[in-house]
Amino acid sequence: MSHQPCAVVGVGQTHHKTRRWDVSLGGLVREAASRALEDAQMDWSDIDAVVLGKAPDLFEGVMKPELYLTDALGAHGKPMFRVHTAGSVGATTGIVAAHHVETGRHKRVLAVAYQKQSEGNAQFALGSGRGGSLGAGGAFAPYMRSYIARSGSPLDIGPMVAVKDRLNALKNPYAHLKLADISLEKVKESQMMWEPVRYLESCPSSDGACAVVLTDEEGGKAAAADGRPPAWILGTAVRSEPSTFPGRDPVTPQGAFDCADDLYKQAGITNPREQLDCAELYVPFSWYEPMWLEAHRIAEKGAGWKMVESGETALDGDFPVNMSGGVLSSNPIGASGLLRLAEAALQVRGMAGEHQIDGAKVALGQAYGAAAQYFSMWVVANSLDPFGR
Amino acid sequence: MASSDDIAIIGWAVSPMERRTAKTEQQMLFEVVSDAVDHAGITRADVDFTVAGSCDYVAGQAFSFVQNIDAVGAWPPKRDSHVEMDGAWALYETWIRLLAGDIDVALATGSGRSSTADPALIYPMEMDPFYLAPLGADALSFSALQARALLDAGKVTERQMAEIALRSRTSAKDNPHTQVSGEFDLDEALATDYVRAPLRKHDLPPITDGAACVVIARADKAREICQNPVWIKGFAHYSELHNPGMRDLLTSPSTTLAAKAAGLDEAPVDFAELQVAFSHEEVILREALGLEDDTPVNRSGGPLAANPVMASGLVRIAESARQIREGQGRRGVAHATSGPCLQQNLVCVLEGDER
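Chains A and B supply the protein sequences, listed in that same order. At position 202 of the first sequence (counting the first as 1) the number is 202 in the working numbering, and the numbers step up by one without a gap. At position 105 of the second sequence (counting the first as 1) the number is 105 in the working numbering, and the numbers step up by one without a gap.
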């Protein structure tokens, strides 16, 4: 057994926008990675290995871009590893990087994830150029309708999530959408895209990247001694399941429960609602907030929407969700998962700026992918033993 | 002697190697996963973690790996990951994961159906999209440039390149998992036109559809399941600058770094299985790995006999395990590569138990 503590000591991201035509792919990832290194007070030469994640290569038209991006990410003479697990990929990238540190394989690892959607046409690529693609919204809409039917949720819940996340994004300088005049009425007046999801309940297409510097116990403690608080990883978990078969419940997938259970066990969490201070969940369409609150046991089954309705998941609520503005405000697909993990880390480090939750000690970061069948999660804390075990 | 933190290969399977398979990638994977867990003496349910290696561009479809999860049998839901890299790197991720110590058994797959599309059309797209991809130069063109550099430096002759191909394809006759095998006349071959100078047809790999699966376990579990585990003694990979114009094409420094990190130089090896897709690469890799002149290379035939892209590296590891299991050597080295002119290289050192 060689499982050692691992700490996040650097976080960086780009300004996410519809088109970052001011930078190349290399420039985009380097912008995020440079910020993460600056935060970690490290130089490129301090990094032992790079783990790169992104969703389909068809989105930008560059096959196996880890080859070309080796130069921009300073990985010459280093291990360069490429992950692709659909929408969950950013989070899986962070987790794979953490394993490299936890097993003692490397001391300092740079995890980078990106997508530059403006380079191509995501809808075209999702259908592999053959047309007829439902798109993600069309694929997930039946699951969301089923959630509403099962839970008896009022129809305003989705729009409420959309408003909350966009208000949070106003406090995040890196967020893509800045909808200062967002309101429940505006959301409900926006075009119906894939019932029950309206235009303003959907994520944007973004160009963006995120980077995280991970290091070992010694590195984490040194950062802390230097007045730069680390985020300690209490646990990581991944689960996958097939997309369709009789008996699968895609609305509350077994993989989502199993992944959370595995994670909480590692982190010493028996009551996630009480022990977690906040969560960044992958919510590309509004209804996924209550759905994941339930599927990760933060709310009772059928009660996720009540947390939204009562304002508990708002920034000033009792259990804030998507403090950064979430995927609904910025969605560089491949980076979106790592952005969730990064925001969780920023919160427990007390470095989330205007969207900081006072006294956040333990935070959950989560991502999912494909037909709600890939799950990647981590829990980070401001100490290795936040529960005094 | 293996310690409880050591990890061993306990089973593997390699698919038939064909120019054009009638099977889907998922079907190919279903068979190699079934065969590999069988070979290990376990079932899919015993596998704690799975990682697949494949490429959307080779499959011609975004998210192509998502369907392949069915082949793994991820129900109940499994710990699982996917790399857009050769299956050898998928195996590297499983190895890292098992080092954590909380789970015991993992499997990695590599799969590719190159027949789906035209490699000459696809491979320029793995190059720098601004400076290199617009040239339209594919892997073959870049390899030809590297071969030319070797010839000009006097490190190889066209006849020696042909001899490497001849030796590989002759060895492949005994391997059921190959596509192109058998002797050919050297003088006749050298009299043929170049495909891309200075490379002739025999210097190139065939276009292959195929898949492979390798199962690994932590030491205690490996001993419990398996009579003769093949131990992973060292495992490492390194990358280098992308643009071939920025590199010394006569050497492969990332291969040397990986070999050092994997402890290759700690003891001589009895054989090597190298991802030599183009004949001249064997010369570079032999030197970069520091192999003795008489160390047998690619007794399986290597990629010059069957080159299932995205599985070709993992097949080298499976073939090495087989050779150790069958007593053709006790210590061997497997190599995998990715990118133009051997940009990124992986080295895996394997050993059988002392007899």
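FYI, nobody ran anything at the bench for these hints, they're computed from the structure. We treat Cβ as the ideally placed atom computed from N, Cα and C, and that holds for glycine. Be aware that a few hints might be false.
Which bits of chain B does chain A cover? Going by a derived footprint, with three or more residues having C-beta under 8 Å, they are [unchecked claim]:
(1) 18 to 32
(2) 65 to 76
(3) 80 to 94
No more than 25 Å apart at the CA atoms, straight line, and that leaves these computed lysine to any residue pairs for SDA-like [as the list claims (entries may be wrong)]:
(4) K23/B - A371/A
(5) K17/A - A149/A
(6) K260/B - D216/A
Tested hints:
1. As drawn, the segment 18 to 32 of chain B meets chain A at 0 residues by the rule of a beta-carbon pair under 8 Å; below three, the given contact is violated.
2. Taking a C-beta to C-beta cut-off of 8 Å, the segment 65 to 76 of chain B contributes 8 residues in contact with chain A, enough for the three needed, and the coverage statement holds.
3. Interface restraint, the segment 80 to 94 of chain B with chain A: holds (9 residues with C-beta to C-beta distance below 8 Å; minimum three).
4. Distance hint between K23/B and A371/A is fulfilled; the C-alpha atoms sit about 24 Å from each other, no more than 25 Å.
5. Pair hint K17/A plus A149/A does not hold up; C-alpha atoms about 35 Å apart against a cutoff of 25 Å.
6. Annotation: proposed proximity of K260/B to D216/A holds, straight-line Cα distance about 23 Å (limit 25 Å).
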